[in-house]
Amino acid sequence: MIKQWILPGLVVCGLCISPLSWAEAPVRIAVAANFLTTMKTLAKEFNAQTGLKVSVSNGASGLLYAQIIKGAPYDVFFSADTKRPKRLEQAGLIEPGSRFTYVTGKLVAWSPDTDTNKLSAELATLDVSSPQLRFVAIANPKTAPYGAAAVQVLTHYGLYEPLSATHKIAIGENIGKAYQYVATGNAQIGLVAKSYVSNPKRPVSGQVFDIPPELYTPISQQAVVLKGRNRPAVQAFLDFFHSPSARARIQAYGYGLVPLSLDANNAAKVGLGEDLENQALVAQALVTQGAAVPNRVPDVLKKRGALVDDFS
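Numbering-wise, our numbering puts 43 at position 42 of the sequence shown, and it's gapless, one number per residue.
None of these hints come from the bench; they were simulated from the model. Model, not experiment: these values are computed from the prediction. All the pointers check out, no bait thrown in.
List time: in silico BS3-like cross-link candidates among lysine-lysine, alpha-carbon distance up to 30 Å:
1. 84 with 143
2. 41 with 143
3. 41 with 71
4. 195 with 45
5. 84 with 195
6. 202 with 41
7. 87 with 195
8. 228 with 84
9. 41 with 54
Assemble the whole structure, with the sequences as input and the hints as a guide.
Dropping the structure here:
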C-alpha cells in the first residue's frame with residue numbers, strides 16, 4: 002500500500018509571502034519506505050524555510066516504480082535501490098542527468114527483548130528451534146531491496162531454509178511493515194533498516210545488532226527527477242536536500258552519505274582510504290555514476306559481496 006502525506010505551505014512568513022509558493026504546485030515525492038521518516042522530517046524543514054508545499058508518498062520501491070510506469074504524477078522518485086532508477090532512465094522517463102545516489106542503507110537485526118539470555122538478536126547465535134522465536138520479520142525481497150539483503154544475510158548464517166521450513170519468516174510489504182511486526186510484538190526479531198532504529202524522535206528498546214556490511218549487496222539508494230518535472234520548486238527542494246543541514250539530518254537517521262560530486266573530473270582525487278565501509282561508499286558512488294574510477298574499486302566492491310555489474 003502506498004500512503005501519502007501533504008505538508009501545507011506556510012501562508013505568511015513575517016509580512017512576506019513567497020511568490021514561488023503561490024506559483025508552484027506541491028513538490029510530489031515518491032519515497033521508499035525506509036526513507037519515509039527522514040523524508041518527512043526534511044520536507045517539514047523545507048516547508049518551514051520556503052513556504053513551498055511538499056506531498057510525500059511512500060511504499061516499496063518496486064510498487065512505486067510500477068506506479069510511475071503507469072503514469073503516476075510524481076516529480077522526484079527516491080528509490081531504495083539503483084535498479085529502478087536505471088530502468089526509468091533507460092526508458093527515457095527521467096530528466097537527463099538527474100539520477101544520483103543520495104544515501105547508502107544499512108541493515109540491522111533488532112529484537113525488543115532486553116534479556117539476552119532469553120532471546121538474542123545476534124543472528125550467529127540464533128536458535129531457530131526456540132519456542133520463544135515465533136517469527137523473524139523481513140521486507141518483501143521481491144519488491145524491497147532491504148528484503149533482498151535480509152535474505153542474503155539469513156542465508157549466510159544458515160537460517161533462511163530452516164526458518165522458511167518452519168514458517169517462521171514474516172514478510173512485510175515493505176521495510177516499514179517489517180518494523181511494525183516487531184514493534185507490535187508479532188515478530189521477535191526483525192531485519193530492518195538502521196534508520197528505523199536510529200530515529201532520534203522515536204528511540205527503540207531492546208537489542209540492535211549491526212549486520213556486517215560485507216554480508217549483503219550494498220544498498221545504494223538513488224533518486225531521479227521524472228521527465229518534464231524539472232521546475233523551480235523541484236530544484237529548490239533538491240538544493241535543500243543537498244545542503245549541509247539536510248545531510249547532517251540524514252546521517253543522524255543512520256544512513257551512509259556519499260560525496261556530493263563524484264564524476265570523471267574529480268574521481269581520481271577521491272581517496273578510498275583504509276576503512277572498508279568508507280571505501281565501499283565511495284566505490285558505489287563512483288561506479289553507479291559511471292565515473293573514471295581507481296583500479297581498486299572492483300576489489301572493494303567484491304569485498305562487500307557485490308558485482309560491479311550491479312552498479313553500472
